[in-house]
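Participant: Mind docking chain B with the ligands on chain A? Use the hints.
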Amino acid sequence: MSPAIEARNAALVAIGAAAIFAAIPMFFGDFAVYLGAEILIYILFALAFNLMLGQGGLVSFGHAAYFAISGYALAILLTTYSWPFWPAFIAAIVLAGIAALVIGYFCIRLTAIYFAMLTLAFSQLVWAIAFKWDDVTGGDEGFIGVAVPVWLVEPSSFYYFALGTVLVAGTLLWVITHSAFGRVLRATKENPQRAEFLGLNVRRVRLVTFVISGTFTGIAGALFTLFNRSVFVESAWWTKSAEVLIMSILGGVGSFFGPALGAAVLILLDRAITEFTQYWPTVLGIILILVLFFLPDGLIGLFRRKRAEDGDELGDADPAPSRTPAE
Amino acid sequence: MLTIRDLGVNFSGFWALKDVDLDVSEKSRHAIIGPNGAGKSTLFNAITGYLKPTTGRVNLDGQDITGRPPHELVKSGLGRSFQRVNVFQDLTVFENIQAALLAHHSRAYDLFTPGARLYRAEAEAILEQVGLKDEANRVAATLAYGKQKQLEFALSLASEPKILLLDEPTAGMSPRETSEILDLIVRIQEAQGFTLLFTEHDMEFVFAIAETLTVLVQGRPLATGAPADVRDDPEVQRVYLGGHASGGKDAA
Ligand SMILES: Nc1ncnc2c1ncn2[C@@H]1O[C@H](COP(=O)(O)OP(=O)(O)O)[C@@H](O)[C@H]1O
Ligand SMILES: [Mg+2]
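Chains as they are written, first to last, in this note's numbering: chain A, 1 to 327; chain B, 1001 to 1252.
Honestly, the hints are just simulated from the structure, not real lab data. Just so it is clear, the structure is predicted and the values come from calculations on it, not from any experiment. Just so you know, even glycine gets a beta-carbon here, dropped at the ideal spot from N, CA and C. Any given hint could turn out to be false.
[Stated by the list, open to error] A partial selection of chain B residues facing chain A, derived with a Cβ cut-off under 10 Å:
id	residue
1	I1065
2	G1067
3	L1091
4	N1096
5	A1103
6	R1107
[To be verified] What follows is a list of derived Cβ distance ranges for each label pair:
id	chain 1	residue 1	chain 2	residue 2	range
7	A	R109	B	V1239	41 to 47 Å
8	B	D1090	A	I90	34 to 40 Å
9	B	A1136	A	A22	51 to 57 Å
10	A	I129	B	K1133	53 to 59 Å
11	A	F131	B	K1075	43 to 49 Å
12	A	L302	B	S1012	48 to 54 Å
13	A	M26	B	T1113	36 to 42 Å
14	A	F131	B	S1076	45 to 51 Å
15	B	N1010	A	L292	41 to 47 Å
16	A	Q278	B	E1072	54 to 60 Å
17	A	L268	B	S1012	53 to 59 Å
18	A	A19	B	R1120	31 to 37 Å
19	A	E141	B	S1076	54 to 60 Å
In isolation and in its complexed conformation, chain A is listed as follows (with noise of 0.2 Å):
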């Protein structure tokens, strides 16, 4: 696919998607309005976590830590504090940057599990502290009342606001998947040590992926504080960050946008089927095992497997010729 074609394509997805989300305040009611903006929050989550994962074959098993962070921020920032919505805003996101930059300056010096396992030991830090600073955090029992300002009171109007910021900033993360950088990106992580060798600083590479990752992931955590209008110590609890990548693998990691059909097919999924059982988890399960088996690359596969049927996508079919050194 030509890029500019690529570019179209995206475009009216996006677009097509904007266009349902915002008719559905039209149709349906404070319901439908609710969750249409939790899905949407999550769907701005997944694609900022699949930066690193998907592009950058980073696995973080801690992003519910710059999630958590931004929600308290904005949280304390407007209600503790009384700052106005907008520097509070942009301070919540700014300060989850910073606390990836912190974080990812340790994790990027390690590789694979344990990257995965020190981006995970670093979040339960952001939770243990939330948990046990009481007197700011509100502890255990959350930071209930945020001082929402009045114009996002309305489900409606904190829906649309959520739907506008979504849009901005996944319209953002899709032009930097694109770019330059996003090529490079995927270039360190086909072939860290080809890449190096390239001229590449692979480590700057992924700190900056991370930072980028993490104040995206900082917007949805924001949003989150003003869809619920508290924040509670479980948004930095690993479970959080379990669900982001369940999330992005069920939507499929290697496309731009399957993470965002994972994360709306799982918040879906999971209100259907908590009405009939209580053992969403162990239905979950299948699910993912299933995906895992018979749709590696996720749902967004699906589609993709269509158009090929179709003829839009020709794949390589010539054989790999192919023979082993002598050595």
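Facilitator: Same frame as chain A, now just chain B with the ligands:
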């Protein structure tokens, strides 16, 4: 331009390289030969920052580059290719070269310019030069082995090295492919005027191409000089070349 003094690499008690002194002069074609396990790859790894040498120094154009990370060395003009094919398997041939060009032109942190649009002409020129133009849109993993080695070479060219280290650029190739790619390497080296330091197992080609030859045996340089002189060196005759001086391939 490349000066190596007292270089040694110790792998938990075993000296894979020891007491290596080597001078590679500007724009020359310098070959390192030696039996399997002599330490040729280790030497390249120690020069290129892939491996931290246990002893000794490496100087490039008067600058001490010992133990500096590969990405810094590449920026100061040192390029290398690998004995085993080491390309970006899931990218197309074109994207491979483009990634190399983005790195070389310091666009790694350009977050907003669409990557696909950058350095297209330059990438095409390189592919044309190495004869991979028809394969531009193929995924690297689907290329025949010989073509992958060519891509490997092309990747190192993208960073416009002042000195290029090629570790067995023809390993695993048929004699015909070997002669083709060596022709290509020499042609490009002469056109661009970089220094070439390489290892090669085919003696016939080494003698045809190299201007200077270093024989490495058990991690130590045995002799260095013009190919003809090295070939006639009695010590080299005895220890290494034996009866194969006229081009036996089993010498590798
Ligand atoms: N990473 C390593 N650890 C331990 N021994 C090694 C390592 N790399 C190479 N060697 C040993 O060092 C010697 C030189 O290897 P190498 O440089 O690959 O030789 P060549 O490239 O000349 O065939 C060999 O005996 C090899 O087994
Ligand atoms: Mg070798």
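Participant: I'd like to know which numbered hints this structure contradicts. Please list them from smallest to largest.
Facilitator: 1, 2 and 9
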